[in-house]
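> Chain by chain, the residues run as shown.
2 protein chains.
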Amino acid sequence: MSTRRSDLHQELRVSSYLVLGMIRIGVRTGYEIRRRVEVSTRFFWAASNGQIYPELRRLEAAGLVRGHEDPTGERQRKVFALTAAGEEALHAWLTDSSALTFEQRDEGLLKFFFADALSTEEAVELVRAMRHHHELILAGIQQAKPPYREDRHFGYLTKGYGLGLHGWIVEWCKKTEHELANGVAPRELAPA
Amino acid sequence: MSTRRSDLHQELRVSSYLVLGMIRIGVRTGYEIRRRVEVSTRFFWAASNGQIYPELRRLEAAGLVRGHEDPTGERQRKVFALTAAGEEALHAWLTDSSALTFEQRDEGLLKFFFADALSTEEAVELVRAMRHHHELILAGIQQAKPPYREDRHFGYLTKGYGLGLHGWIVEWCKKTEHELANGVAPRELAPA
DNA sequence: TGGCTCATGTAAGCCGTTACATGATTTT
DNA sequence: AAAATCATGTAACGGCTTACATGAGCCA
Numbered sequence: 001m002s003t004r005r006s007d008l009h010q011e012l013r014v015s016s017y018l019v020l021g022m023i024r025i026g027v028r029t030g031y032e033i034r035r036r037v038e039v040s041t042r043f044f045w046a047a048s049n050g051q052i053y054p055e056l057r058r059l060e061a062a063g064l065v066r067g068h069e070d071p072t073g074e075r076q077r078k079v080f081a082l083t084a085a086g087e088e089a090l091h092a093w094l095t096d097s098s099a100l101t102f103e104q105r106d107e108g109l110l111k112f113f114f115a116d117a118l119s120t121e122e123a124v125e126l127v128r129a130m131r132h133h134h135e136l137i138l139a140g141i142q143q144a145k146p147p148y149r150e151d152r153h154f155g156y157l158t159k160g161y162g163l164g165l166h167g168w169i170v171e172w173c174k175k176t177e178h179e180l181a182n183g184v185a186p187r188e189l190a191p192a
Numbered sequence: 193m194s195t196r197r198s199d200l201h202q203e204l205r206v207s208s209y210l211v212l213g214m215i216r217i218g219v220r221t222g223y224e225i226r227r228r229v230e231v232s233t234r235f236f237w238a239a240s241n242g243q244i245y246p247e248l249r250r251l252e253a254a255g256l257v258r259g260h261e262d263p264t265g266e267r268q269r270k271v272f273a274l275t276a277a278g279e280e281a282l283h284a285w286l287t288d289s290s291a292l293t294f295e296q297r298d299e300g301l302l303k304f305f306f307a308d309a310l311s312t313e314e315a316v317e318l319v320r321a322m323r324h325h326h327e328l329i330l331a332g333i334q335q336a337k338p339p340y341r342e343d344r345h346f347g348y349l350t351k352g353y354g355l356g357l358h359g360w361i362v363e364w365c366k367k368t369e370h371e372l373a374n375g376v377a378p379r380e381l382a383p384a
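First to last, the protein sequences are chains U and C. As numbered in the numbering used here, residues 1 to 192 make up the first sequence, in order. As numbered in the numbering used here, residues 193 to 384 make up the second sequence, in order.
Keep in mind that the hints were calculated from the coordinates and are not lab data. Please read all numbers here as calculations on a predicted model, not as lab measurements. A few of these clues could be false.
Straight-line distance between alpha carbons at most 16 angstroms, and here's what the computed EDC-like set of lysine to aspartate or glutamate pairs gives [to be verified]:
| # | chain 1 | residue 1 | chain 2 | residue 2 |
| --- | --- | --- | --- | --- |
| 1 | C | K367 | C | E317 |
| 2 | C | K366 | C | E317 |
| 3 | C | K270 | C | E317 |
| 4 | U | K175 | U | E103 |
| 5 | C | K351 | U | E125 |
| 6 | U | K159 | C | D308 |
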């Protein structure tokens, strides 16, 4: 009778598994996790320092990761590895078929939803701004070259997903810009 | 020199404009806003009671909306309308071309990113769960029939966007399920 | 008369970001 | 010598969700 997920991983949030997963694929320090997130999961799951470092401490306290100091000269540095319990917790999450969080906050689309208050030119300008935004995201994803490893296919597949999704959005924007500019009446969705 | 957006609308967040926009299209009480959000913007901008009611008070205090009591018998009910300042603030936001918030939290994709730790069957099962999730969202969007009004084309266009986007995701899932099950080597994205 | 819908609101708490603080090492 | 990068962390705050509290009106 827990309030969140199963009793086995009560105090873990999705971001905990992000950290666990990163460590599993060989990303070993807080700093490295931060940077790897920036070039890989950022577009569908972000994480900041304010989360990562406290999270590492929690995971260590829970016995899911083990860290040891490995300084570079005088510069402090703590390297983490999964424990058996950590490996298990990660796998349990990965195969847990209960509800998947999916959330979006899309300010551009919200404006678009209210765009009846705009002139045609203003609406087109808005969609152009949305397109620009997703083109930047697309460029970011394209740039991120996950290091090639035989045992890391899913990084590439995820990149493909990102390219496809934001590519679709960019195409939708182009199409919509044209339709709005040419005054195509948006009737496909009107009731019969 | 403000920290957020322009000085004109310092203390307004995106959710404030959601409320403003809803009132503008004739959604007049907190309760109605709550319900309309559930069947329209929910999939790209959610809002709960805990936001809407305090927000209405803030907007009224700021002079952007005006509310008057309009009870149904003994049952309390407060109806809101935009003031000129509110109309202006909404329009200013709609045409403000500065940065658009776009955030996603996609737990399914995060699991997929780490799916090298899974067996093929488990990975396929995960993608199936993702597909199921987006099929539900799709059904929700399909069901939501925005009331037809000559001056509300963009509600339909937004619905079209939602159907297209989640439709794309569902197709991606189907394709990926097949490729994984048939052992298609994911090499399109591998470095040269 | 019991349950659903209409209707408004608050309190607690979670999750996360931003900004800052500190300092060593490497690169230019 | 300065600037960028490596590296770890904290404090304050903001936005949002969940859950609860309250009660009237409607319908089966």
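> With reference to the structure, classify each hint as holding or not holding.
Status of the hints after comparison with the structure:
Proposed proximity of C:K367 and C:E317 is supported: the alpha carbons are some 13 angstroms apart, at most 16 angstroms. Distance hint between C:K366 and C:E317 is fulfilled; the C-alpha atoms sit about 11 angstroms from each other, no more than 16 angstroms. With a CA separation close to 49 angstroms, the supplied pair C:K270 and C:E317 exceeds the 16 angstroms bound. The hinted pair formed by U:K175 and U:E103 fails the criterion: a straight-line CA distance of about 25 angstroms is larger than 16 angstroms.
For the hint linking C:K351 to U:E125, the alpha-carbon distance of about 20 angstroms lies beyond 16 angstroms, and the restraint is violated. Proximity of U:K159 to C:D308 is assessed by CA-CA distance (about 14 angstroms); at most 16 angstroms being required, the pair is judged to hold.
In the structure shown, a violation is registered for the earlier hints numbered 3, 4, 5, in ascending order.
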